[in-house]
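2 protein chains.
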Amino acid sequence: MVVEELEKLLEEKKYIEFRRKIQDMPPQDIAELLEELESTQAIIAFRLLPKEKAADVFSYLSSELQAEISLAIDDKKLMEIIDDLFFDDKIDFLEEMPANVVSRILKNSTEAERKLINQFLKYPPNSAGSLMTIEFIDLKKERTVQEALDKIRREGQDVEMVYNCYVTDSKRKLEGIVSLKELVLAPPDAKVEDIMRKDIIYVNTHDDQETVAQIFRKYDLIAVPVVDSEKRLVGIITVDDILDAIEEETTEDIHHIGGMSPSDKPYMSTSPFTLARKRFWWLLILMISGTISAYIISKYEATLQQVVGLVAFIPILMDTAGNAGSQSSTMIIRSLTLGEIKYKDIFKVIWKEIQISVIIVIGLATVNFLKIHFLEGYPVEIAFTVSIALMSAVCVANVIGGALPIIAQLFHIDPTVMAGPLITTIADAVSLTIYFALATHLLNIPV
Amino acid sequence: MVVEELEKLLEEKKYIEFRRKIQDMPPQDIAELLEELESTQAIIAFRLLPKEKAADVFSYLSSELQAEISLAIDDKKLMEIIDDLFFDDKIDFLEEMPANVVSRILKNSTEAERKLINQFLKYPPNSAGSLMTIEFIDLKKERTVQEALDKIRREGQDVEMVYNCYVTDSKRKLEGIVSLKELVLAPPDAKVEDIMRKDIIYVNTHDDQETVAQIFRKYDLIAVPVVDSEKRLVGIITVDDILDAIEEETTEDIHHIGGMSPSDKPYMSTSPFTLARKRFWWLLILMISGTISAYIISKYEATLQQVVGLVAFIPILMDTAGNAGSQSSTMIIRSLTLGEIKYKDIFKVIWKEIQISVIIVIGLATVNFLKIHFLEGYPVEIAFTVSIALMSAVCVANVIGGALPIIAQLFHIDPTVMAGPLITTIADAVSLTIYFALATHLLNIPV
Numbered sequence: 001m002v003v004e005e006l007e008k009l010l011e012e013k014k015y016i017e018f019r020r021k022i023q024d025m026p027p028q029d030i031a032e033l034l035e036e037l038e039s040t041q042a043i044i045a046f047r048l049l050p051k052e053k054a055a056d057v058f059s060y061l062s063s064e065l066q067a068e069i070s071l072a073i074d075d076k077k078l079m080e081i082i083d084d085l086f087f088d089d090k091i092d093f094l095e096e097m098p099a100n101v102v103s104r105i106l107k108n109s110t111e112a113e114r115k116l117i118n119q120f121l122k123y124p125p126n127s128a129g130s131l132m133t134i135e136f137i138d139l140k141k142e143r144t145v146q147e148a149l150d151k152i153r154r155e156g157q158d159v160e161m162v163y164n165c166y167v168t169d170s171k172r173k174l175e176g177i178v179s180l181k182e183l184v185l186a187p188p189d190a191k192v193e194d195i196m197r198k199d200i201i202y203v204n205t206h207d208d209q210e211t212v213a214q215i216f217r218k219y220d221l222i223a224v225p226v227v228d229s230e231k232r233l234v235g236i237i238t239v240d241d242i243l244d245a246i247e248e249e250t251t252e253d254i255h256h257i258g259g260m261s262p263s264d265k266p267y268m269s270t271s272p273f274t275l276a277r278k279r280f281w282w283l284l285i286l287m288i289s290g291t292i293s294a295y296i297i298s299k300y301e302a303t304l305q306q307v308v309g310l311v312a313f314i315p316i317l318m319d320t321a322g323n324a325g326s327q328s329s330t331m332i333i334r335s336l337t338l339g340e341i342k343y344k345d346i347f348k349v350i351w352k353e354i355q356i357s358v359i360i361v362i363g364l365a366t367v368n369f370l371k372i373h374f375l376e377g378y379p380v381e382i383a384f385t386v387s388i389a390l391m392s393a394v395c396v397a398n399v400i401g402g403a404l405p406i407i408a409q410l411f412h413i414d415p416t417v418m419a420g421p422l423i424t425t426i427a428d429a430v431s432l433t434i435y436f437a438l439a440t441h442l443l444n445i446p447v
Numbered sequence: 001m002v003v004e005e006l007e008k009l010l011e012e013k014k015y016i017e018f019r020r021k022i023q024d025m026p027p028q029d030i031a032e033l034l035e036e037l038e039s040t041q042a043i044i045a046f047r048l049l050p051k052e053k054a055a056d057v058f059s060y061l062s063s064e065l066q067a068e069i070s071l072a073i074d075d076k077k078l079m080e081i082i083d084d085l086f087f088d089d090k091i092d093f094l095e096e097m098p099a100n101v102v103s104r105i106l107k108n109s110t111e112a113e114r115k116l117i118n119q120f121l122k123y124p125p126n127s128a129g130s131l132m133t134i135e136f137i138d139l140k141k142e143r144t145v146q147e148a149l150d151k152i153r154r155e156g157q158d159v160e161m162v163y164n165c166y167v168t169d170s171k172r173k174l175e176g177i178v179s180l181k182e183l184v185l186a187p188p189d190a191k192v193e194d195i196m197r198k199d200i201i202y203v204n205t206h207d208d209q210e211t212v213a214q215i216f217r218k219y220d221l222i223a224v225p226v227v228d229s230e231k232r233l234v235g236i237i238t239v240d241d242i243l244d245a246i247e248e249e250t251t252e253d254i255h256h257i258g259g260m261s262p263s264d265k266p267y268m269s270t271s272p273f274t275l276a277r278k279r280f281w282w283l284l285i286l287m288i289s290g291t292i293s294a295y296i297i298s299k300y301e302a303t304l305q306q307v308v309g310l311v312a313f314i315p316i317l318m319d320t321a322g323n324a325g326s327q328s329s330t331m332i333i334r335s336l337t338l339g340e341i342k343y344k345d346i347f348k349v350i351w352k353e354i355q356i357s358v359i360i361v362i363g364l365a366t367v368n369f370l371k372i373h374f375l376e377g378y379p380v381e382i383a384f385t386v387s388i389a390l391m392s393a394v395c396v397a398n399v400i401g402g403a404l405p406i407i408a409q410l411f412h413i414d415p416t417v418m419a420g421p422l423i424t425t426i427a428d429a430v431s432l433t434i435y436f437a438l439a440t441h442l443l444n445i446p447v
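First to last, the sequence lines map onto chains A and B.
Counting in the UniProt record's numbering, the first sequence runs from 1 upward without gaps.
Counting in the UniProt record's numbering, the second sequence runs from 1 upward without gaps.
One should not assume that every hint holds.
Treat identical chains as interchangeable: a pair holds within one or across any two.
Computed cross-link-like contacts, DSS-like style, restricted to lysine-lysine with a CA-CA straight-line distance of at most 27 Å [claimed, not checked]:
hint : residue 1 : residue 2
1    : LYS191    : LYS173
2    : LYS265    : LYS342
3    : LYS51     : LYS181
4    : LYS191    : LYS115
5    : LYS77     : LYS198
6    : LYS181    : LYS141
7    : LYS278    : LYS342
8    : LYS8      : LYS51
If you are wondering where the hints come from, they were derived from the structure by calculation, not from laboratory data.
Just so we're clear, the structure is a prediction, and the values are computed from it rather than from any experiment.
The following block holds chain A by itself, in its conformation from the complex (with noise of 0.2 Å):
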């Protein structure tokens, strides 16, 4: 309703009305609604916006729009914007934008600010480096608290977080933090090293974003400091950068886990030719590796000739191994991402498996002998051969399941990539062997 209204406003060229009705708003909430007029009237409400606001929306607009407003608007206009930005969403603006806008900023950058930019850019996507940002009040232990506050009252408009203080050594290296409300708290004349915290929680520039999240959730922090390879401070990462690198991390892991190439776009807004990409290929290596099963059964298929009726569980056996496999696989990748499984876990992991397994498969195989023998009158042979083919499947699958994550970590292979379709496969290779196997031995069945 609020969309169509200022649609409505803008249509009718009644600008004024239409800036009054924005300024309250939330940029969040402006950024949502430039996102869904159409790219002239985007460009159009965006130019309408106060100067102190256009930063502030622009950085939460998508990458698209960012760099239609970027090519719409003159370089003086563009610079203003940029140099309100916070510097983490500078770079992120950065990496996303076409090279002819990118070369238009760093032509109007200083050549301090250039080199500083560089230098952001080449830290590897979904590091510490990557997600920090540079504004943040660094203070000396020497001075009192009275000084201190002072000095947040001068920067403190510009910076991102304020709510923690670092204090740095004329090197630059982290001697200490004090968050705002111990200054608040804290007498004006104490000195700085005198209530500064030294059992400092920090994380370097190539730490992955997953070990960071690990650290703010386990230390409940709303922002981290992160020092270079010499322990200088170089920037810090705020909280709500981290909800954002876990929602990215999130959706990637749950894709893996469905079995596509991960998408970070929104659905609605994704092509559909865009989609059946992320999907054609996975789909793709999956039915060619069901080669190996079509290989197992056509070895066998004198044994099917005899006893057309073992056809009928092939399916039973292929879902029970491969949602085993998925289980114990899901369950272990979980684990592996929050911290909580070591490499150095993987023979506990392969026994406890071990253990699950025998736990299920005794449960399983009764109900499925009983089924088949009793309930549907297949012979006791057929109901045998199937519940030891399912209890061996099942087992093999959770061990496989267990162990494959950990081993693909190892090999610094993205756990979730590698599992899903590998663990299908074998699982339902394995199921079958089984099953044929035992089946021509038990049923005396000339191959």
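Use these hints to put chain B onto chain A, whose structure you have.
Only chain B this time, still in chain A's reference frame:
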């Protein structure tokens, strides 16, 4: 290494040195250490903690160890710890404790506190009410900035979150928000009214934690106020609790997608029996639902008797359809979680899935036909039958996978619980039925 060292100090009864070693450790690390000790030693170590650290460490312990410690210490010591906990940690603790511990605590609480505790225990799990804490700074709009800061100095020590202060009227209705940053940066004689923001983002006590998480992400918050049905401010939720809630929800979703009941305890410290129980029922249900596929196959036994080679393609069909269905359902489930898709989008989703399917199946069916006919030398009728069955099965699986999670959500069923097993079963049944029906007709086999 640290753990062993500290364990040794405890064994040798070098308590003073132990105390000295741990005094600078963050409470989260001390809690982690206690969890690794055996329980009698953990209780001794806990007693050795300095009084001001005990409650903090206690709030990070597992509920098992919390219960053991609660039973080992006397009422006075227990109440000291409980009184030092933040209110949300207190409620979390009480929810997990055995009845005798809870009654000891309630017996030693004041009438007013008992009432408040009971009220909080009634909020449904995973609701905003169950996540919130009652310690926050509320201000009156007539006050000056100086008076507000003085109040924060007086009350701030015992308050978890001082970075956002909430302005309420005489009826406790929320009127505005002012951050500590804004207070520190404002002139001391300004009125709170003049600097507070009135565009308040808030949640209701009954809102689901997923909704709350979405709001935190969208608006980059570090705390959000919680109001009751009369818009009175009853508590706040801090970002660290939302991080924990997101972790829990994600684990739950991923476990559901992997086809099992979610487990909220770490894998390594959960017994094989418990883990087996979480997996068994789903496997059993899936195994039994496989009977449908078995029935379809047995109905076409005559067809198979004639062309036993058809069996070889059952795994490829089932796996590809199953995987396609899990791709689309996983994608839609994630979009529902992130609030990107609403109920009303169901027809758009179905239409998009049809478009995606068409693109994908043309590619898959072509590869499949070429492979079976030219590479593996099967007759053209079989290659054609398998390819057509594959195309139809993938389309159906994609559409069902896209629609089912939305329908589930519409009926207030967790889409992750329902989607997985149902889609596999339906995809299997559909692909087999189409395959055999087509084969019977195209290959002119008498049924």
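To see whether the hints hold, each was checked on the structure:
Taking CA atoms no more than 27 Å apart as the test, LYS191 paired with LYS173 passes inside one copy only; the shortest distance there is 19 Å, against 40 Å between copies. Taking identical chains as interchangeable, the C-alpha atoms of LYS265 and LYS342 lie at most 27 Å apart only when they sit on different chains, with a minimum of 16 Å there against 32 Å within one chain. When the C-alpha separation of LYS51 and LYS181 is checked against a cutoff of 27 Å, the pair qualifies only between copies, where the shortest distance is 22 Å, while the shortest distance within a copy is 32 Å. Taking the closest pair of Cα atoms, LYS191 and LYS115 never come within 27 Å of each other, the shortest separation being 36 Å inside a single copy and 44 Å across copies.
For the homomeric pair LYS77 and LYS198, neither the shortest alpha-carbon distance inside one copy (44 Å) nor that between copies (29 Å) is at most 27 Å. In this assembly of identical chains, LYS181 and LYS141 lie within 27 Å of each other by CA distance both inside one copy and across copies; the values are 17 Å within and 21 Å between. Taking the shortest alpha-carbon separations for LYS278 and LYS342, only the inter-copy value of 23 Å comes in at or below 27 Å, while the best intra-copy value is 30 Å. Taking the shortest Cα distances, LYS8 and LYS51 sit within 27 Å of each other inside one copy (23 Å), while across copies they are farther apart (63 Å).
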